[in-house]
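Chains as they are written, first to last, in numbering that gives the first Met the number 0: chain A, 0 to 235; chain B, 0 to 235; chain C, 0 to 235; chain D, 0 to 235; chain E, 0 to 235; chain F, 0 to 235; chain G, 0 to 235.
Derived by calculation from the structure, the hints in this document are not laboratory data.
Watch out, some of these pointers could steer you wrong.
The calculated label-pair distances, taken between Cβ atoms and stated as ranges, are [claimed, not checked]:
{"hint": "1", "chain 1": "B", "residue 1": "Val145", "chain 2": "A", "residue 2": "Ile53", "range": "17 to 23 angstroms"}
{"hint": "2", "chain 1": "F", "residue 1": "Gln177", "chain 2": "D", "residue 2": "Ser231", "range": "54 to 60 angstroms"}
{"hint": "3", "chain 1": "B", "residue 1": "Lys221", "chain 2": "A", "residue 2": "Glu208", "range": "33 to 39 angstroms"}
{"hint": "4", "chain 1": "F", "residue 1": "Leu59", "chain 2": "E", "residue 2": "His90", "range": "41 to 47 angstroms"}
{"hint": "5", "chain 1": "C", "residue 1": "Ser54", "chain 2": "B", "residue 2": "Asp114", "range": "52 to 58 angstroms"}
In this text the structure is predicted, and so the values were computed from the model without any measurement.
We treat Cβ as the ideally placed atom computed from N, Cα and C, and that holds for glycine.
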Amino acid sequence: MQHRVMGYDRATTMFSPDGRILQVEYAEKTIRLGSASIGLVCSDGIVIVADKRISDPLVLPKASIKIWEIDDHIIATAAGVLSDARVLLEHSQVVAQQHRVTYDQPIDTESVIKDVANIQQSATQYAGTRPFGIAVMMAGINRDKVKKLYVSDVTGNYLGYKASVIGENDEIIKGLLQKGYKESLNIEQGIKLAINIFKKVLGRSFDIERFEVAFIRIEEKKAKRIHGAALSKYIK
Amino acid sequence: MQHRVMGYDRATTMFSPDGRILQVEYAEKTIRLGSASIGLVCSDGIVIVADKRISDPLVLPKASIKIWEIDDHIIATAAGVLSDARVLLEHSQVVAQQHRVTYDQPIDTESVIKDVANIQQSATQYAGTRPFGIAVMMAGINRDKVKKLYVSDVTGNYLGYKASVIGENDEIIKGLLQKGYKESLNIEQGIKLAINIFKKVLGRSFDIERFEVAFIRIEEKKAKRIHGAALSKYIK
Amino acid sequence: MQHRVMGYDRATTMFSPDGRILQVEYAEKTIRLGSASIGLVCSDGIVIVADKRISDPLVLPKASIKIWEIDDHIIATAAGVLSDARVLLEHSQVVAQQHRVTYDQPIDTESVIKDVANIQQSATQYAGTRPFGIAVMMAGINRDKVKKLYVSDVTGNYLGYKASVIGENDEIIKGLLQKGYKESLNIEQGIKLAINIFKKVLGRSFDIERFEVAFIRIEEKKAKRIHGAALSKYIK
Amino acid sequence: MQHRVMGYDRATTMFSPDGRILQVEYAEKTIRLGSASIGLVCSDGIVIVADKRISDPLVLPKASIKIWEIDDHIIATAAGVLSDARVLLEHSQVVAQQHRVTYDQPIDTESVIKDVANIQQSATQYAGTRPFGIAVMMAGINRDKVKKLYVSDVTGNYLGYKASVIGENDEIIKGLLQKGYKESLNIEQGIKLAINIFKKVLGRSFDIERFEVAFIRIEEKKAKRIHGAALSKYIK
Amino acid sequence: MQHRVMGYDRATTMFSPDGRILQVEYAEKTIRLGSASIGLVCSDGIVIVADKRISDPLVLPKASIKIWEIDDHIIATAAGVLSDARVLLEHSQVVAQQHRVTYDQPIDTESVIKDVANIQQSATQYAGTRPFGIAVMMAGINRDKVKKLYVSDVTGNYLGYKASVIGENDEIIKGLLQKGYKESLNIEQGIKLAINIFKKVLGRSFDIERFEVAFIRIEEKKAKRIHGAALSKYIK
Amino acid sequence: MQHRVMGYDRATTMFSPDGRILQVEYAEKTIRLGSASIGLVCSDGIVIVADKRISDPLVLPKASIKIWEIDDHIIATAAGVLSDARVLLEHSQVVAQQHRVTYDQPIDTESVIKDVANIQQSATQYAGTRPFGIAVMMAGINRDKVKKLYVSDVTGNYLGYKASVIGENDEIIKGLLQKGYKESLNIEQGIKLAINIFKKVLGRSFDIERFEVAFIRIEEKKAKRIHGAALSKYIK
Amino acid sequence: MQHRVMGYDRATTMFSPDGRILQVEYAEKTIRLGSASIGLVCSDGIVIVADKRISDPLVLPKASIKIWEIDDHIIATAAGVLSDARVLLEHSQVVAQQHRVTYDQPIDTESVIKDVANIQQSATQYAGTRPFGIAVMMAGINRDKVKKLYVSDVTGNYLGYKASVIGENDEIIKGLLQKGYKESLNIEQGIKLAINIFKKVLGRSFDIERFEVAFIRIEEKKAKRIHGAALSKYIK
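Isolated chain A, as found in the complex (with noise of 0.2 angstroms):
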């Protein structure tokens, strides 16, 4: 509370006395207010399971997206502030637009979640804006057909994965996942983990209505997606 007083807690140009970057903590806490999506690298691909949080019966199912495809062989998708994450996406997709144009071959995965951490850093040490309060998450399979699932935090750190989640509750369904995930899952059972574990966490409040999947298999390299009630098959 001190350092709230202070004012130490006001900008990103600023570090309290304690060493902190006080304005990215909060922006951490928008990540955990959002919606939570968990990715999985898979034996024949890699897949991103989305709760998109919305079930309104007017909205148009396939208009509420809410994982991004960065290029045929790349998906994402944001936790928090959902505006920011598309702004930031719909940059990776020109981005992985030119690079194609330019050396006529697929972007790298990591190319684009570091270009897209960079631009996180950024907004977390010069004046004039504030964070980009999302975790980004970025599944991709490369030109080698190596999978790979990166997450990038509000500070524009970004880590590889085999399995991780971003958004609410991520620390209990990062325990989940821990037990339950194997490199030998394929899609289908990647899918399944994952909705059951959302299931487990959301209890009374869980809608097959409001998830959304999307996966590339290694061979077909081009997301696929599955919507709402599509989905039922995959409750235990």
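Guided by the hints, dock chains B, C, D, E, F and G onto chain A, whose structure is given.
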């Protein structure tokens, strides 16, 4: 109140300790203070019914429009600070015109709302401006004759809808829409539904002179308008 | 008062917690402190009757104009900070001139008021400036001989009118206009109506020397002016 | 006082709750602290009589001018912060010179005062500067031999006068001018009127050494100056 | 505490009354909160042993690197805000690459650390940014086969070392290094020394899985890495 | 004091409620804290006598100059923040040099002081800088052999003098100058007058070693200097 | 203290009511916290003796320099924030190099210190930066074999000296220098004088390992250095 005393609500470049962007929340209040508009995807086209809340007999009826024609095939309205809306939607008119000149074909409705939403997002993250105090509703008939209805909020998020509402009493109207709306409604029926929802919600302050309707039929791809008294026939 | 102590009213880049832009509301007070002008669309043209509120005998009557000629076919006035008005309307003169030079025909009245309103809107959203402390009234005869009368407010909103008023006592004058105005009035009758409304409203401080009238007849498309004493004949 | 505590008077980019721009009002106080100047339109030309308020015998009389020659046919003076005046009026000298070079004829007096007033207005609306702390008085003989006298204030408003005053005691002097001024006065008589008004108003602190006079005769179109003691003959 | 109340610690553009730059001191605390790295100049090359402090089994070991290869002959690590480090050291990679392309030979290690330190200094003097919250350690083999180890601090100062440490417990580790380090140690012995210093200092939280080693042999001029379990053999 | 509490004295972009620019007044205090200089227009040239207030025997006498040669025919000194003076007067040296190169003749003394004063004025009106904490004294022999002595103050005002003083005790010295100065004094006599005024005013702290004299004879148009002890002969 | 509460000491763009620039005074404290350096003009060249205050045995002695070679004929050191010094003096190296390339001869020592001092002055007047927290000492042999020693302070003032000191205990050391320095000392004797002054002043914390000496002989025009233990022979 604590957050106000501490000043977390003075700029969009700041997160509050609980991860909120308060300036954005305040701008959302402005929108709810604005008069409402209802948009509907109908079987034969799209329609917007807007409450202008103006009843000065010395105002020229046709000079006070609240529904903008972005292009022949797209109409839009807004709730909140109407001058913000005018500036932003006149920008959209230019964007649509440039697209037509460059590609020799009409712009996609989503491209226009996305551009609007990007500008809205930007005003919630960077210093030197306040958020646009508006929610934008945009409806159009795309080249493939697909009907589209989008709503963007202050943060720069947008979603596709079958039917939606922006402005005062939005929660009540949304409930009435969910009950009354069917995809099989034609434009005539849609106008009737919207006008009578307004009549119910506004009660004694309902005045058909305050309303403006614009719609585009799939086959015509040209906005038509009905003002004030001419709308009387739709009142039940 | 609470909002003042908290500082929500110090900049146009801020919404108050109840969604208002207080700097804009303060600027509106300036306008109501300014002397009033009445504009009328008449059967044979348009007319503006302006109270200059200056009665220094050493001031050259013709040197203190409050009604600007934007172009041969458009006149304008303003209420509030007159130096703000002068700068903005001299800008409009240039805009009109450039249009004439570029397209070899007179500019549309609405194009000019829209340009003025856009500049006004911009000053209510971006940092580094205060809002223009003026309401602008603009009247013109378009190429198709259609008569137009527009009023823009501080926020950058504008509406078309048959008759309107800006400045002090605007609500009272508006009431009198609604009673006295008919579309069949000619310019002579319009001036008479406006002068006598001023006489009634200003009471003992009414002084015909303070007034300035400008009008454009449809057929002439050239502003004419009547100053001070020459207006005496219109007093009932 | 309330407004001061609340800080509404700290910048020109802010309106006070009652619609005033307090920084501009403060700047107006500076002007009233400055020594006064009287300007007169006479039958045979125009004249400015300025109180320099300097009586240091080591100052070179001709080196401390308070009346600037903008061009052969225009003279100007100011009240308030004299360095602000010098910078602005030297800018006017350049403007006049550029006009002469470009169009091969002398600039209109009103064009110069309008340019000055525009710069003054700008400094009352945009951040990063304070208002110019000056009122400017400008007198000239235009190409058509018409005599002009203008005064611009802090806000960037200007008016044409037959006779006027800027600086300390302006209200009292204005009263005396209204009594003593006639359009039939020639320059000699005008100087006499002004000097004796100063004598009356300044009382014991009146000192003819402090005064500077400049005038332009219609036929000569060339400013002439009278300094200090040479003015004694005009004292009644 | 006095300085905090007075606000001397809010920006790098301010000295405190006792001549300190407090924001820089706070940033130094961040560094001491970061996990430590030890760098050693050995008889046959240079080596960096870094504690990554990550033990999530779902993180890909090779995807979370804490030691960057600036070029074939230079490696670097950092303590503190790792996203700051990543951005700065990826910039160094570009600098090194440009040098190679321009001069057709590898860049000098000191040129790279000097460039890093210059950017760090700049962020402690100019407004609009916070200091980089990192200490950087850089080790390289120059063209003349000379081994170099540099450490730069928050202020942008850098020094050359035989052996050094950055991050948590730096004072204790520095003491152990002074006792254990000899210039005759080869890389194998150096890794052993560093690992066992970490084991001693971290105590029960020591976990070999958290460590990453990179080294460059004089003759090879190519960085090699050892991750996690493969490091077990070095534990005494 | 009231104004200080209210903060009217924190920036040059603000007028106080009584129309003063307090930052400028504070800068004027700096000047009165600076050691004084006396300038004189003599029958055979111009002279400046400056108190350097330095008496460190390890300082090279000729290396600590307080009188700058702007060009062969112009010398200048300043009171207040000497580094501000150095930067501004070295700028004047460049201006004089450019004039000589462009027009092939020496620059007018007033052109130089006007340029200096313009820069000083600018620093009292625009944000992002403080006023220059100096008064500048400039003396020169123009092409027509006319002798000139100017003094500019913090606000950017300048006046021409026969004799003047800047710096500490300026009021007292001005009184002594008015008594002792005659236009018929030659340079030798002028130096004597100035030195003995300093002796009288400084009393026990008078030390001839602290003084520096520079003068230009009309016929020579080349500054000559006398330092410290060589000035003893002028003491009465 | 009053000034601190009022905030006059927060920026270099502000004068305090008594005409001081407090940020500059605070920066001067930083300099006095820095370890000292002594510079001497000797009969056969110039010499700088610097206390590095570093005694970490793991630091490479030659890698921690405190005396920079600006060019073959100029050396420099600084007291205060050493990273500020490094950045500024590396800039000087470039300036000297550019001069050599452009004019094919070595740069004058005063040109370099003047450039340094100009940058220092600028940082005390304009917003967006803090003052450089350093005093700079620069010694060189000019083309005409003249020996020069300059010291610039925080404000951007510089003076020429026969002998001087910057950093902690500067007043005491200055006294000892005035007693011990003679122009006839040669470099060997000068080093001896400086080292023994340090021994006296530092007392028990004196450690010859902390010292670094650089000198340039008139005939050689090439800086030579002596580090640590090699300096023992100069201790009395």
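Tested hints:
no. : hint                                       : in the structure
1   : B/Val145 with A/Ile53: 17 to 23 angstroms  : 21 angstroms, holds
2   : F/Gln177 with D/Ser231: 54 to 60 angstroms : 23 angstroms, violated
3   : B/Lys221 with A/Glu208: 33 to 39 angstroms : 37 angstroms, holds
4   : F/Leu59 with E/His90: 41 to 47 angstroms   : 45 angstroms, holds
5   : C/Ser54 with B/Asp114: 52 to 58 angstroms  : 53 angstroms, holds
Hint compliance for this structure: hint 2 alone is broken.
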